[in-house]
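Here's the letter readout for the chains.
Protein chains: 2
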Amino acid sequence: MKTTIYDVAREAGVSITTVSKVINNTGKISEKTKKKVFKSMEQLNYVPSQVATALTGKKTDTIGLLVPDVSNPFYAAMVRQIEDEAHLRGMSVIVCSTDYDSEKESKYVELLKRKQVDGFIVSSGFSKVELLDQLIEDGIPIIMLAQDNPDKINAVSVDDFKGGYLATSHLLSYGHRNIAIISEQVMSGDLRIYGYRAAHDERKIPINEENIFKTRASLENGKRLVKKLFEKGNNPTAVFACNDLLAVGVIQGAREMGKRIPEDLSVIGFDDTILATITVPGLTTVSQPIGDMARKTLETLVRQIKGEYEGVERTLFMPTLVVRGTTSRLT
Amino acid sequence: MKTTIYDVAREAGVSITTVSKVINNTGKISEKTKKKVFKSMEQLNYVPSQVATALTGKKTDTIGLLVPDVSNPFYAAMVRQIEDEAHLRGMSVIVCSTDYDSEKESKYVELLKRKQVDGFIVSSGFSKVELLDQLIEDGIPIIMLAQDNPDKINAVSVDDFKGGYLATSHLLSYGHRNIAIISEQVMSGDLRIYGYRAAHDERKIPINEENIFKTRASLENGKRLVKKLFEKGNNPTAVFACNDLLAVGVIQGAREMGKRIPEDLSVIGFDDTILATITVPGLTTVSQPIGDMARKTLETLVRQIKGEYEGVERTLFMPTLVVRGTTSRLT
Chain A
2 MKTTIYDVAR
12 EAGVSITTVS
22 KVINNTGKIS
32 EKTKKKVFKS
42 MEQLNYVPSQ
52 VATALTGKKT
62 DTIGLLVPDV
72 SNPFYAAMVR
82 QIEDEAHLRG
92 MSVIVCSTDY
102 DSEKESKYVE
112 LLKRKQVDGF
122 IVSSGFSKVE
132 LLDQLIEDGI
142 PIIMLAQDNP
152 DKINAVSVDD
162 FKGGYLATSH
172 LLSYGHRNIA
182 IISEQVMSGD
192 LRIYGYRAAH
202 DERKIPINEE
212 NIFKTRASLE
222 NGKRLVKKLF
232 EKGNNPTAVF
242 ACNDLLAVGV
252 IQGAREMGKR
262 IPEDLSVIGF
272 DDTILATITV
282 PGLTTVSQPI
292 GDMARKTLET
302 LVRQIKGEYE
312 GVERTLFMPT
322 LVVRGTTSRL
332 T
Chain B
2 MKTTIYDVAR
12 EAGVSITTVS
22 KVINNTGKIS
32 EKTKKKVFKS
42 MEQLNYVPSQ
52 VATALTGKKT
62 DTIGLLVPDV
72 SNPFYAAMVR
82 QIEDEAHLRG
92 MSVIVCSTDY
102 DSEKESKYVE
112 LLKRKQVDGF
122 IVSSGFSKVE
132 LLDQLIEDGI
142 PIIMLAQDNP
152 DKINAVSVDD
162 FKGGYLATSH
172 LLSYGHRNIA
182 IISEQVMSGD
192 LRIYGYRAAH
202 DERKIPINEE
212 NIFKTRASLE
222 NGKRLVKKLF
232 EKGNNPTAVF
242 ACNDLLAVGV
252 IQGAREMGKR
262 IPEDLSVIGF
272 DDTILATITV
282 PGLTTVSQPI
292 GDMARKTLET
302 LVRQIKGEYE
312 GVERTLFMPT
322 LVVRGTTSRL
332 T
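Listed in order, the protein sequences are those of chains A and B.
Residue 273 in the working numbering is what sits at position 272 of the first sequence, and the numbering runs on without skipping anything.
Residue 310 in the working numbering is what sits at position 309 of the second sequence, and the numbering runs on without skipping anything.
None of these hints come from the bench; they were simulated from the model.
Be aware that a few hints might be false.
[Said to hold, decoys possible] With a cut-off of at most 30 Å between alpha-carbon atoms, the simulated DSS-like pairs for lysine-lysine come out as follows:
id	chain 1	residue 1	chain 2	residue 2
1	B	K114	A	K108
2	B	K108	A	K297
3	B	K228	A	K114
4	A	K114	B	K60
5	B	K129	A	K297
6	B	K260	A	K260
7	A	K116	B	K205
8	B	K205	A	K105
9	B	K297	A	K60
10	A	K114	B	K297
11	A	K105	A	K116
12	B	K116	A	K105
13	A	K297	B	K105
14	A	K153	A	K40
15	B	K105	A	K60
16	A	K105	B	K114
17	A	K60	B	K260
18	B	K108	A	K307
19	A	K60	A	K129
20	A	K105	A	K297
21	B	K228	A	K116
22	B	K60	A	K108
23	B	K205	B	K228
24	B	K60	A	K307
25	B	K205	A	K60
26	B	K116	A	K60
27	A	K297	B	K114
28	A	K116	B	K108
29	B	K297	A	K108
30	B	K105	A	K307
31	A	K108	B	K307
32	B	K129	B	K163
33	A	K105	B	K307
34	B	K163	A	K60
35	B	K228	A	K307
36	A	K108	B	K163
Construct all of the structure, not just a fragment, from the sequences and the given hints.
Here's what the structure looks like:
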């Protein structure tokens with residue numbers, strides 16, 4: 002088995018970030034630590050990858066931004082904010098839409114490595130954790146945006162748990178007791194589901210596990226799943242769709258079944274995109290402060306690029322509930 | 002006055018594209034023409050810019066994409082298509098949102114030149130023509146997308162004139178005679194207005210010049226202008242908004258004034274973005290085949306980068322009318 006940066010870190014008793022810094026000669030590392038790391042590398046016969054060494058000292062002022070799909074209004078707004086923050090710092094942004102597809106992720110990561118981008122902003126997660134590990138091993142600055150991965154690398158996100166809690170509490174406070182949730186198959190989606198659970202548990206309200214769905218963000222999936230909910234006889238009085246695209250799909254699907262919004266079905270989204278102001282009535286949703294998130298992401302990434310980081314930092318921004326017309330009290 | 006590539010072209014009796022190719026040693030140029038160009042350069046004491054010479058033979062497999070605003074759903078969808086087409090060819094895309102601001106345009110063009118991108122896709126136009134001229138002079142492959150500039154460089158766009166004609170003809174065929182148009186302050190916007198005129202002229206229907214507006218694409222401007230139309234007493238029975246964002250703003254503003262859509266006011270948009278399927282009723286709009294446009298743009302740009310172009314090529318795609326619920330017959 003090939004020796005990895007993890008083996009070196011374990012052997013030397015330091016973090017992989019520290020090993021990466023020693024290899025790349027960035028950041029402030031004590032001579033003692035450097036010695037330990039080099040000794041472990043020698044003992045384990047560890048050879049740093051070419052990319053890591055090639056990158057040393059060479060700046061391209063370009064960052065790679067991986068998103069699931071730039072044509073999704075939430076990511077379009079986020080790309081715009083990241084782009085503005087990057088340009089303020091004289092950097093430019095290469096945008097890659099991965100569709101949560103592991104092949105595309107690998108392909109784009111290779112492409113961006115060839116271009117020797119200074120760092121990665123990953124807003125799409127990685128289907129295969131090996132890809133992330135390889136980037137860390139290569140010593141490439143990387144930050145997760147709106148995706149949790151707090152153990153290994155820096156991350157900026159909204160508090161997804163809190164967002165799920167806020168949305169569900171709003172529905173519960175309106176008297177709803179049969180609330181379906183349609184979330185995404187990503188870690189932030191799971192956190193929103195936990196928030197949904199917490200809001201129920203706090204009020205000792207039981208949850209019907211058949212009301213919990215995970216899918217990919219699209220209008221079609223929202224439409225399809227709300228129909229399924231009624232066809233299966235779940236008959237929820239409210240749906241918490243974990244992003245605005247899904248929420249709009251839910252509204253459209255429910256209407257096709259003759260349901261009135263919000264009289265027959267309350268719907269709440271997540272993200273507060275342009276879509277939320279365009280539905281009639283306006284969509285009640287959970288807002289993410291993407292301007293603040295983009296600023297923090299760039300600040301953190303630039304400090305990583307300069308080698309100014311020691312530990313792993315995770316910044317959570319508070320979401321806020323925006324009540325519009327798609328939710329109403331259960332009568 | 003500094004000698005420019007135009008002076009050399011005039012002196013040699015050839016196009017600036019030819020001069021650029023001779024300088025950059027790309028494309029097939031006869032020895033006779035080369036001699037003529039070099040002679041003119043000598044006579045006029047013309048020194049090619051650094052960028053042009055620096056670029057020779059060096060490929061970065063990166064292209065710069067200038068759009069007005071990536072968070073506008075139309076441009077978000079376009080960026081995604083361009084990105085996919087570029088990645089198919091192993092190229093990546095740096096996205097820059099210019100807001101039609103001449104300072105931002107200059108700044109981003111400088112940034113992209115420093116990064117030695119292989120070519121530019123400009124979907125935002127240039128507020129100052131000097132910026133475009135400088136790029137042409139530098140010999141950087143450039144193509145206009147959804148923006149006309151047919152005289153000097155390659156362009157791919159929808160037939161905006163035809164789109165304006167289609168939308169207006171639809172409203173006229175529904176019996177409307179008092180149709181306002183809200184267009185954008187760009188060349189494609191003007192072409193849509195000419196299409197609006199042509200549809201009227203063909204039917205010998207007079208136009209009230211006070212029904213013609215030009216503005217920037219935003220919900221707010223759509224809202225503001227539809228209110229102005231009624232406050233000024235123009236009282237149109239239909240509004241042709243030259244993109245979906247403006248159209249949604251028109252719908253929202255009209256509703257705030259108590260107008261029903263389409264009973265009191267028919268509204269038609271342009272672009273067929275995700276917004277058009279989300280309004281209630283669905284937005285009647287003019288669709289652009291952005292997938293085809295993106296493919297053609299990349300094909301053309303790659304051929305330019307390879308130096309395979311002689312003349313200036315302009316590709317127009319046909320728009321199509323998508324009738325949904327926001328337009329109805331005048332009763």
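Verification of the supplied hints:
1. B:K114 - A:K108: holds, 26 Å
2. B:K108 - A:K297: Cα-Cα ~23 Å, so holds.
3. B:K228 - A:K114: Violated, at roughly 52 Å.
4. A:K114 - B:K60: holds, 16 Å
5. B:K129 - A:K297: Not OK: K129 of chain B and K297 of chain A at ~34 Å, beyond 30 Å, violated.
6. B:K260 - A:K260: holds, 25 Å
7. A:K116 - B:K205: violated, 59 Å
8. B:K205 - A:K105: violated, 55 Å
9. B:K297 - A:K60: violated, 33 Å
10. A:K114 - B:K297: The given pair, whose Cα atoms are some 28 Å apart, holds under the 30 Å limit.
11. A:K105 - A:K116: holds, 16 Å
12. B:K116 - A:K105: Holds, at about 25 Å.
13. A:K297 - B:K105: The given pair, whose Cα atoms are some 23 Å apart, holds under the 30 Å limit.
14. A:K153 - A:K40: Judged against 30 Å, a Cα distance of about 23 Å means the pair holds.
15. B:K105 - A:K60: The hint holds at about 23 Å.
16. A:K105 - B:K114: Satisfied, since the Cα-Cα distance of roughly 28 Å is no more than 30 Å.
17. A:K60 - B:K260: violated, 57 Å
18. B:K108 - A:K307: Holds, because 24 Å separates the two Cα atoms, which is no more than 30 Å.
19. A:K60 - A:K129: holds, 28 Å
20. A:K105 - A:K297: With a Cα-Cα distance of about 27 Å, the restraint between K105 of chain A and K297 of chain A holds, given a limit of 30 Å.
21. B:K228 - A:K116: Measuring from Cα to Cα gives roughly 50 Å; hence the hint is violated.
22. B:K60 - A:K108: holds, 19 Å
23. B:K205 - B:K228: holds, 28 Å
24. B:K60 - A:K307: Holds, at roughly 28 Å.
25. B:K205 - A:K60: violated, 63 Å
26. B:K116 - A:K60: Holds. K116 of chain B to K60 of chain A sits at ~11 Å (cutoff 30 Å).
27. A:K297 - B:K114: Holds: K297 of chain A and K114 of chain B sit about 28 Å apart, inside 30 Å.
28. A:K116 - B:K108: holds, 22 Å
29. B:K297 - A:K108: holds, 23 Å
30. B:K105 - A:K307: holds, 26 Å
31. A:K108 - B:K307: holds, 24 Å
32. B:K129 - B:K163: holds, 27 Å
33. A:K105 - B:K307: Holds: K105 of chain A and K307 of chain B sit about 26 Å apart, inside 30 Å.
34. B:K163 - A:K60: Violated: K163 of chain B and K60 of chain A sit about 47 Å apart, past 30 Å.
35. B:K228 - A:K307: Not satisfied, since the Cα-Cα distance of roughly 52 Å exceeds 30 Å.
36. A:K108 - B:K163: At roughly 40 Å apart (the allowed maximum being 30 Å), K163 of chain B and K108 of chain A break the hint.
The structure fails hints 3, 5, 7, 8, 9, 17, 21, 25, 34, 35 and 36 (numbered hints given earlier, in ascending order).
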